[in-house]
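Since the structure of chain E is provided, determine the placement of chain B on it from the hints.
Next come the chains, spelled out residue by residue.
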Amino acid sequence: MRIVIVGGGIAAVYIANTLMEQAPASEIVIVSEEAHAPYDRIHLCKLVDDCKCIDSIELELHPKVQLELNQKISSIDPVGKRVFSSHAAFHYDKLIIATGSVPKSLFDISQIENAATFRSQKDSEKIAQGMVGKNVVIVGAGPIALELLDTLMRSDAPQSITLLVRKNYLYSEVISREALALIQGIFEADKRVRIQFNDQITDKEISGNSITKLITNQRDIENPFLIFGVGIDPNIPYARDVLECDKGILVDERMRTSDENIYCVGEAAQLRERGFIAGRVKECTIEADVAIANLLGDESKTFREEVSIDGLKVGSFLFADVSATDFNPKDPENETILITHGDRIDQYIVNHDRLKRFIGINTNIDLLALKKLIENDSAIDAAYLYSNRLMSEKGRLICSCEGVHEQELVEIIQENAVTSFAELKEYSKAGRTCGRCKQDICSIIMATPVDPQEAARLKSAREAAAKEAKLATVRARIEKYNRLHAKNQLSTENFEEAITSFEMNHEFNHWVSMITASMHLHPDFEEVVKEGVTQLNKIPIIWLELSDCSGNSEGFIKSAHPSVDDLILKYISLDYHELLMVASGDQSEMALDSIIANDAGKYLLIVEGAVPLGLDGKFLRIGAKGETGLELLRRVSANALAVMAVGSCAYDGGVVAAAPNPTGAVGVAEALGRADIVNLPGCPVNPINIVGTLLHYIMFDEFPKLDAKNRPEWAYGFRVHDNCERRGHYDADEFVLEWGDEGAKKGWCLFQMGCKGPYADLNCSLVKFNEGTSWPVQAGHGCFACGQGKIAFDSYANQRPLKEKPNE
Amino acid sequence: MSNRKIVIDPITRIEGHLRIEVEIDEENIVREAWASGQLFRGIETIVKGRDPRDVGLIAQRICGVCTNVHYRASISAVEDAYGITIPRNAEIIRNLVTLSLFVQDHIVHYYHLHSLDFVDITSALNADCVKASEEAKEWCDHPYRNSPEHLQSIQEKLGSFVKAGRLGLFANGYWGHSAYKLTAEQNLVHMNHYLEALTLQRDLSKAVAIFAGKTPHPQNLVVGGVTSVADMLNPQRLNDFLFIIKEVREFIERAYIPDMMMIVDGYRESIDAGEGRASGNFMGCGGYRFGEGHVLFEKGVIRGHDFDHIEVFDESKITEEASRAWYENDAPLSPYEGETTPFYTDLNDDGTLKSEGKYTWVKAPRYDGAVMEVGPLARMIIGVAKKSPIIFPYMERFMRKTGMELINFSTTVGRNAARAVEAQICCDYLFDMMSDLIENIKYYDETTWTKYIFEELPTQAKGRGLFEVPRGVLGHFVRIEDSKVANYQAVVPTTWNASPKDAKNSRGAYEESLIGLKLSDPSAPLEVLRVIHSFDPCLACAVHVMDVSGMELSQYKIRGGCPI
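Each protein sequence line maps, in turn, to chains E and B. Counting from 1322, one number per residue, gives the positions in the first sequence under this note's numbering. Counting from 76, one number per residue, gives the positions in the second sequence under this note's numbering.
Pulled out of the complex, with its shape left as it was, chain E reads as follows (with noise of 0.2 Å):
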C-alpha cells in the first residue's frame, strides 16, 4: 500500500513513524512545501534567539520515508488517486492530511521586509534578522505572542517591544486579574517592554517594501519590525474544491474526509460534530492514532477529545494551564477560586463542585492528580485544593504529554545511568511526544551527574541483555519448526554440504534474508536463523491418488516453479506418491505404515481423485489387503497436520461425480465430513497453484488465506474473463464467430464459441501453464471453467455461450 501524508510538521513525521512499526510492508511518501526536513516548530524561538541551525531541532524521521520537500500542494484528483503539486503528481492509495494551518495577519506583509508571521523556519530568520535596532511591535495576546515575547526580551537586538493586544487580557479571557498582573509586571521589568491592553494598528506608513510608521490608538511608531502573532487558519485551500470543508476540512470521528481513501488530521481537520479543531500537539498525535488504526483496518478507533494539560514556554516564569473538553468560559455558573502565595497563583475555575480549568502560574501542583480529577468528574472541596498546595513528591510536571515529573527523570537518569537524550529513550518517552519539554530534559541530564563506569557498564550489560532476549525469541521459534519436522535428522553440516553442492548458496541467502525480514528481525539475526533454517529444510508429504486420472501429478511433475528436482530433493520430501515412489508393494505399504505412525500430526497430506462411495467404497481398491479408497483416506488423513484436496475431483468429485455419476463419487471434504480441507480444484490444477501453497505453508507455518470455499484467495481469487488477454475484444464487440475464422486469426473474443471465462475463479489467465508457455484461450479454444468441479462437466464442457448472461 502506498501511502501520500501531505504536510512537513510534527504530525507528518508522528504518522509516518508510526506506520513504518505497524505496517512496514507499506511504501510511505511525506510530501512538504518546505525546503527543509521536518522540524519541530514549537521550538522555532530557539532559532531566533540563540541562531541555532534548523538541525538542532530536526525531527527524527524513519529512514524508509520517502521525503518529496519544496512540493506545495495545489490539488487533488480523489478519482484518480493523485495529488498534485505545481510540478509533480503523487499516487496514493490512501492520503492523509497533515498540512496545519497558516498564520493570519491583518494585512498583507508578503511584500514587506519588516513585517512577519511566526510559523516556520523562514519566518524566525525573518525575525532574528530583521529586528536589529527596530523597535519591534508584536500583534497579538495568545501563547504564540507570548512566547514570541519572552524569548525577544532575551535578546539585546530590538531596541524596544511592543506587545498590542487588542483587548483587556493576556493568554485567555478567564486569566485572574491577578495574574495577569503579575505576568505583564514580569514582562515588564524589561525596560524595553511594553504592553498596550485595548489598543490596535489603525495605519500605517510604507515607502518602498518597508514600513517606516505604526499608528494605533494610542501611539505613533516609529522604525519598527511588526510580527502579527493573532491566529491560525486551517491551510487547506487546495482541499476546497473535492473535500467538504468548513473551516477546516470535515472529518468524522475516524479522522475520515468526505473521500473514503483520504483522511486529515491535526490543525487543517474539522471534527463534522463537534467542530472541534484540534490546537495541540498531544491532540493531534491522538487523531494520527485514529487515523493509522483506521487506515489499516481497525475501525473500533475514534477520535475522543481529552482533558489538556499545557502551558507556556517562557523563561521568565512558570505557567500551567489544565483545561476540561468541555470548559465554556461564558458560563455564569463558573466560580472561581484564587490562591495566591508571593508570586505564585494558583486559580481553579469550579462549575458546580466540578473542577473545569486550573492555571497556575510558579506552581508545584500536580497537574495529572488534577487532570485526573477532571476525568473521573469527581467533586472536589476547597480544603483538597488548598491541602493540594504543597509541593509534590515527585517535582514539577516536566512532560506534561506523556506525564513525567522531575524526581521521576532524575531517578530514570541515575538508576541507568543515561547520559543524553537519545538514551532516554528507552525508558522513558518523556519529551517525544510534542517535543516542548525536550530542552528542559537535556538541562535535567546534564544536571545530574552519574559515574561514566557505571554508565559504560550498564550500557553494554542492556545491550547484551536486549540481544540475548531477541536470540531467545529466535531459539523459541527454531525450536518449534524442529518440533514440527522432527523427523528430519539433518546435521547443520550435511546441510550446507548439500547446499554447496546443489549450488543453491545464493537462492538459499536469498530465502534466509525473506524469513528473517517475515520474522521482523534485524537483518544481524540472519546467521541464526540459517542455523535454524538448516534444521527445517524438509516436511513429510504423503501424495494419495484415488479415483484420478493422475492428471495433476503429471502436472506436478512437471512443475518449473521451483524446477522440479528442487522440489523435491530439497524443499518437499514427497514420502510416499504411488506414481513416483520406486518402493512397491510391501515396501510402499511400509513407507506409508511408517509416516503415519512416527510422523503422526506431522505429515501433510495431499490428495488427487474423487472419493467413490458407491459399492461400499469397492469401485477403487488399494494395497495387498484390498482397503478401499475411502478406507485409505481415513486411516490417512486421521493423523495428517493438514489435507490439501488437488484438482476438481478431490474437490467436489468433478468429472468422476458428472451425471449420472456411476461410482458414487464425492470430493475429499464430503467423504471425510470435513471443514479443514484445503481446496486447489482445476482439471489439472495449475502446478504453480499447488507449489505456491505448499512453499507458503513450508515457510510461514500456515495456509494461505482461504475464501468460503476453502480455495487460497491469491489463486482463485480473479474471475478468468477479468484478467483475460483477449478482455479488449470482448468489450468492443469483437467475436470469433467461427473456429479458424479472420478473428480466430486475430485473437479476438471467444465468448460466442463458448468460453465460459466469465464463470470462473481461477487464475490461468494471470500465470498460464507449462511454465507460462499457454493456456485454453489462447489456444483459441476457450476456458470451460474446469476449476469449478463437476458443473464444469455437466454445464460448461461445451462449446456453445450459456444461455444466461454472466454477471458483469
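Note that these hints are calculated values from the structure, not bench results. Among these hints, one or two may not hold up.
[As the list claims (entries may be wrong)] The calculated lysine to aspartate or glutamate pairs, modelled on EDC-like cross-linking and capped at a C-alpha distance of 20 Å, are: (1) E:Lys1693 <-> E:Glu1627; (2) B:Lys526 <-> E:Glu2063; (3) B:Lys433 <-> E:Glu2059; (4) B:Lys526 <-> E:Glu2059; (5) B:Lys433 <-> B:Asp405; (6) E:Lys1939 <-> B:Glu96; (7) E:Lys2124 <-> B:Asp126; (8) E:Lys1939 <-> B:Asp421; (9) E:Lys1634 <-> E:Asp1361; (10) E:Lys1939 <-> B:Glu403; (11) B:Lys80 <-> B:Asp425; (12) E:Lys1443 <-> E:Glu1389; (13) B:Lys429 <-> E:Asp1937; (14) B:Lys526 <-> E:Asp2062; (15) E:Lys2066 <-> B:Asp520.
[To be verified] A partial selection of chain B residues facing chain E, derived with a Cβ cut-off under 8 Å: (16) Gly117; (17) Ile133; (18) Arg136; (19) Ile137; (20) Ser280.
Even for Gly, the Cβ is constructed at its ideal location relative to N, Cα and C.
Okay, now just chain B, sitting in the frame of chain E:
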C-alpha cells in the same frame, strides 16, 4: 500345496491402480499370474446421452498422462461418424502434438518410472567420475553433459542427499539387490541423465502447450479441426517448438540411445533368457501420414513371433469379453455393441484376488479371438518385418551396434530398447511434419476447421477413432442416436496388455510375460516389477474404458446392446 503366492499392490511408478498376483514354485519360478485393475470410474457411462461434440473434453479425462490421445481419438470418432474430413493443417498440428507426447512419454517412462529397476543409485555414489566419463564414451562419441566435473557434481548432489538421511522418492527401493547388473560408473552415467531428463520433459510440455494450450489435458481440438490457428500462423511459436525438439533430439541421440545400449549390454543374460517374453502376438493399426504418401507406423498382425508372416490388420476382428472381469455379460462383443453391467464378486477375505473367478475391472480384448501385445515393441517389430523405410534403418542400426536379433526385443529389456528407438524416430520425423506445415502455410492454406452445420448432420451415425499412441493401439467407438451419444466405448492399449484371462483361460500379455520368471528373492520381487514396468502400464486408462452402468441404476436408464 507347495506353490506360494505373492501379492504386489500397489505397483508404483505406473499411472493408475494395478495389482499383480503371482504364484511361484519351490524354485521361486513363477507358475501363474493374475493382473488386476482395482479402480473403476465409468467415464463412458458419463458421456452417454451428451451432445457428440462435447465428448472430447470428458473422454480426455480417461487419463491424465495419455490425455491428448483420448481427446484426439474421441473427437476423431465423432468426425468419422459424421464423415467430416479435417483440413491438412489441422491434421499436422494434431500430429505434432501427439508425436511430441510420444517422445515425452517415452523419456519419462524410461528414466523416471522404470530406469531405477535397472539402475542402483546407491552404487552410483561409489563411482569414479573420470572412469564414468570414459565409460559413457564407450557408448557414444559425444555423450550428453559428460565432463568428469559435471558427473562429480551429480554424484555430490546424490551423495548429499543420501547422507542427509532422507531419500524421499528414492527411499525403500531394492538397492543392493543382486538383480542389479550395472557397474558403479554406469549407474552414475544413468543418474546423470535421470536428472537431465527432468528438465527436458518440462521443455517438451512447453512444446505441446504451444499448439495445445496446456498439458496435461490440452484444449485445442473441436469436431472438424483445431482451434490454435493464431499459434500456427505465428513464426515465433513454430520456432520455439522446433528449438525444443532440437534439444530433445540431442538428448535422445547422445543419452537415451547410448544408455539403452549400455542396459542391453549389462542385462544381456536376461535378454538371452527371454525374460518377460509374452505370447509373441503383436498388433498395430499404423498411422501418421506425412510428406508425399509416407506413413510413420505400419499396420499388421503377427502371431507367435512369426516375423515372416504378417496378417492384414482388420479392425472388425476386435472384440471384448468379460468372463473373468467384474461385469455381467461374459460373451465376446464388438466395441460398438459393448453391453456391460458391473457384477462385483469382491476379493477373498484376506484381500487376495479370487483367482478362479472374476478378478479385475479390466475386460479382455481379443483380435480374432487371440491375445495381442500392443505398444512400441509391436510397432517396431511390425515395422522391421514389413521393411518400413522409416523404421527399418533405425532398428537395423541399433541391432547392429548391440548385436540384438529381432526376437531379443520381445523381452523386458527389449521392450525398452524398442521404445527408445521409437522415441528417436518420432523426434526426427517431427521435423518433416513441421516442414509439411510450413509448406502448406506458404501456399496460403490457413484453414484449420472444416465447416459443417450441426443441425444438418445425420441424427444417427457410428464411427471410431483408431490410433497408435505411446502405449499401443487405442480405439474410441461412438454410436449416435437422435444426435446424442447412445453408446460409447474405448479400447485402450493397457486393456490389451493388462488383459485378464478369457473364457479359454488364455492369459493376458502381462500375465503371460511373467510365467517362468525366476525370482532371486521372493520377498523382494524386483524381477516382476521390471517385467510389468517394461509395458509402461497405464491403469487409469485400463479401468476407465469399460462400458458399464453405474451403481445408481435407478437414476439412469441404460440403452444396452443395440447393434448398429
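Going through the hints against the structure:
1. E:Lys1693 <-> E:Glu1627: holds (11 Å)
2. B:Lys526 <-> E:Glu2063: Distance ~14 Å between lysine 526 of chain B and glutamate 2063 of chain E Cα, so the pair holds.
3. B:Lys433 <-> E:Glu2059: Given pair lysine 433 of chain B, glutamate 2059 of chain E is violated - Cα atoms ~50 Å apart, limit 20 Å.
4. B:Lys526 <-> E:Glu2059: holds (8 Å)
5. B:Lys433 <-> B:Asp405: holds (10 Å)
6. E:Lys1939 <-> B:Glu96: Distance ~19 Å between lysine 1939 of chain E and glutamate 96 of chain B Cα, so the pair holds.
7. E:Lys2124 <-> B:Asp126: holds (16 Å)
8. E:Lys1939 <-> B:Asp421: holds (8 Å)
9. E:Lys1634 <-> E:Asp1361: Cα-Cα ~14 Å, so holds.
10. E:Lys1939 <-> B:Glu403: holds (17 Å)
11. B:Lys80 <-> B:Asp425: Judged against 20 Å, a Cα distance of about 12 Å means the pair holds.
12. E:Lys1443 <-> E:Glu1389: OK: lysine 1443 of chain E and glutamate 1389 of chain E at ~18 Å, within 20 Å.
13. B:Lys429 <-> E:Asp1937: Between lysine 429 of chain B and aspartate 1937 of chain E the Cα gap is close to 18 Å, so the pair holds against 20 Å.
14. B:Lys526 <-> E:Asp2062: holds (10 Å)
15. E:Lys2066 <-> B:Asp520: Between lysine 2066 of chain E and aspartate 520 of chain B the Cα gap is close to 13 Å, so the pair holds against 20 Å.
16. Gly117: holds (3 Å)
17. Ile133: Cβ of isoleucine 133 of chain B sits 6 Å from chain E, so the hint holds.
18. Arg136: holds (4 Å)
19. Ile137: holds (7 Å)
20. Ser280: holds (5 Å)
In this structure, only the earlier hint numbered 3 is contradicted, and the remaining ones agree with it.
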